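Okay, here's what each chain looks like letter by letter:
Number of protein chains: 2
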Amino acid sequence: MISESTICAIATSGTGAIAVIRVSGPATYEIVNSVFKPAKTEKDLLKLSANTIHFGTIHDGEDVVDEVLISLFRSPHSYTGEDVIEISCHGSAYIQQRIMELLISKGAEAARPGEFTQRAFLNGKMDLSQAEAVADLIAAESKASHDVAMHQIKGGFSKKIKDLRDKLLHFISLIELELDFSEEDVEFADRTELSLLVNEVKELVETLKNSFQLGNVIKSGVPVAIVGRPNVGKSTLLNALLEEDRAIVSEIEGTTRDSIEDTVVIDGITYRFIDTAGLRETADTIENLGIRRTYQKIGQASVVMLLVEASDGQELIFESLRAIREQLKDRKSPLILVINKSDIADPRVFDDNFLEKGEYICRISARNHQNIDQLRETLMNAVNIGHVKHQDVLITNVRHFNALNAASGSLERVLDGLSSALPQDLLAQDIREALHYLGEITGEVTTDEILGNIFRNFCIGK
Amino acid sequence: MISESTICAIATSGTGAIAVIRVSGPATYEIVNSVFKPAKTEKDLLKLSANTIHFGTIHDGEDVVDEVLISLFRSPHSYTGEDVIEISCHGSAYIQQRIMELLISKGAEAARPGEFTQRAFLNGKMDLSQAEAVADLIAAESKASHDVAMHQIKGGFSKKIKDLRDKLLHFISLIELELDFSEEDVEFADRTELSLLVNEVKELVETLKNSFQLGNVIKSGVPVAIVGRPNVGKSTLLNALLEEDRAIVSEIEGTTRDSIEDTVVIDGITYRFIDTAGLRETADTIENLGIRRTYQKIGQASVVMLLVEASDGQELIFESLRAIREQLKDRKSPLILVINKSDIADPRVFDDNFLEKGEYICRISARNHQNIDQLRETLMNAVNIGHVKHQDVLITNVRHFNALNAASGSLERVLDGLSSALPQDLLAQDIREALHYLGEITGEVTTDEILGNIFRNFCIGK
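Going down the list, the protein sequences come from chains A and B. Okay, so the first sequence: first residue is 1003 according to the numbering used here, each after it adds one. Okay, so the second sequence: first residue is 1003 according to the numbering used here, each after it adds one.
Same shape as in the complex, but just chain A:
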């Protein structure tokens, strides 16, 4: 499976203090040898020990491009399983580009997205679900999504699937042996044992399938819509939620928070606040209530927060609530009635007894950060995720979910076939199908198309 080409890519992003350029493939040492001049050590990098670091310069003929550190790895003890060298250079765009150009001029190829991880998979360093988890890990923005990805990288459910699949493989070989002796009507595969095994596999498949909803929420975050008329305090509320979240990390300079704007992490789960800015801008007095409009945004939300003011009075609050209920009637999304400015007017304007099933109430002052913690808790309860333990086996990937669904159907047919004494060849076909779908998850069965789809979404350099 070892590739013939040698690939290179910038593995870090943007410009910073340092950048790392990764080279992998059979010509790695030859290529880097031709552009790296060590400050002190042996010139031929191949003669140096693996897993060591060396200081020197990258040069383009007479031109010194940069002073760098290089890290040496030797096949098979590397990320890709191939010979790998990582060049740690100064992080200017110019230097990164020059070194890339130089490596390419010496015979390396610019790596495609995910190509390093794809090679790791092809060289047997990890199975396919582990490879997919690498991308999930890099994209993870919350503890829960990180833990799920980390669990999957370490083998997670794929080892279980593989073990059960191996047992199924054993049975199918017995059944296919029966086919060879079909005239003699022998039965090498114990049907009771097979039935037990298929049930066991099916149970795992169903558990994994059922975990997908939670897994998906953990991976992608819970979309939350805050609605209410203008000036009711939506921004202040969002800021209050964000602020508490950010306070935790504000002491650490240099950490990037750009990508997690307008998301709040509560107990490891990411809540994504959907922009309802459009609703704020109406100046029409009749429409001023805002919530009478058809909210497309609400359709995207898993939970809706209706924000009103304590001073709005019972009638207006009811009207708002009814309008939102109307919007949500075909969905089961929970609704949280948030009574803001509870420090100014009496928040008891609304009686909790008027709430329906799936509706929650919270009385806060966004400005004074009153009851924000309680709101966070209400949000968690409304979404009903509870505490997620990273030991839990969770499916987060649509591809896995689809494969599990298909495997479930095949396993169901196997069980039917066993109870109705289906001919061996038909039974074997159903088992083969289940094996195929299970193998797709771990990558024991794969096609270029599947691989292409998976690794296309990786970042370059991974």
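Because the hints were derived from the structure by calculation, they are not lab data. Check before you lean on any hint, since a few could be wrong.
Pairs count within a copy or across copies, as identical chains cannot be separated in the list.
Heads up, simulated DSSO-like pairs for lysine-lysine below, C-alpha to C-alpha not over 27 Å straight-line [what the hints assert, rightly or not]:
| no. | residue 1 | residue 2 |
| --- | --- | --- |
| 1 | K1039 | K1127 |
| 2 | K1211 | K1156 |
| 3 | K1127 | K1145 |
Small disclaimer: the values here were computed from a predicted structure and weren't measured.
Given the structure of chain A, go ahead and fit chain B onto it with the hints provided.
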């Protein structure tokens, strides 16, 4: 000089395939030991060889935060001269932040911008001008600015300054000895030799001072204004210039070009195109010519490109040219008359003989990329930078320029003093002053304020 605190920072930027977190200081090994579990090797990192790489996990109690590689460096053979460990982790914001939090909880401090390089300076790993060049190197966007910074990192002019300063120090000690024996009227310091030395120092100082203008252009780029009436093809021209520049690198995926928008690199020099978008927007027919307006932007430009159309006719082109000449009359900025759409109308509408000194002409078709190369060359000639060799000693730093200016004044006074047989104590004072200013450049004389100003502008993690 060794620091008591141990610092940590993310040395790469943003989220990518991998990120590198750097730890430096006396407790580096102790801190990383407490959060890193090696996969195979010896648990106590201190017992492992320096300059080696180890695979393992970063854990927070039972929680596995990430699978990482760590690179071990031991004082004094590290970037800072202290014990250093670099943690190469998956590049998610979440993981970077968790590891930073973890290191800080174990006693590390978040590094200030440039603190690693500041420690390298304080520990004698580099002088101050070399340290400053590290920031320049990371910021360098063109070959020329990169080469100047690289030259400075490798010692560049600071070694010369240091050598001459050491010789001056020798003389001042002799002169101060004379002061001790002032009653006896002895002369330990040979005045002819001293005069020769001071002249030599002054020559270097003047050369360096004079290189600042070019150095600054190389470092910051040449500001260019393209002016002309709307629809004359400014955007098309800019795109044509940019495109040729970008074609060189477009084959390499993953290189960051974001930060060099609207700049064109020609023969290693960066040209920054100043936004004159405002001029494009006028719809006033009288003002439609555009160039009659007072262009604030022109004041910022080192060279102005006046873009007209071949079909504009001689009269209109002259009018435009006169208006621009009016704007530029107090400045010596060169002017390039660019006659666009030369493929449609006759570009000979304007006679080259009408050009004045410092004015250039170029006939192009931006749309068809005709003569764009010639325009690039004209731009180079107009700015008159010529080929910059990276061996040239160039000053790019205002701080250095100011120190050289001050040193130049002191040296002048020393020479005056020598020719007028100034008393030893006054002569000594002038030499001391010169020594002080020269020492400021290399950091042999420094204050917390100077250091603070320098390293504040570094990025975090460097």
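Going down the list of hints, with the structure as the test:
For the identical chains of this complex, K1039 and K1127 are inter-copy neighbours only, at 20 Å across copies versus 31 Å inside a copy, given an alpha-carbon limit of 27 Å. Taking identical chains as interchangeable, the C-alpha atoms of K1211 and K1156 lie at most 27 Å apart only when both belong to the same chain, with a minimum of 20 Å there against 60 Å between chains. For a Cα distance limit of 27 Å, the shortest separation of K1127 from K1145 inside one copy, 26 Å, qualifies, whereas the shortest one across copies, 40 Å, does not.
The earlier numbered hints are all upheld by this structure, with none contradicted.
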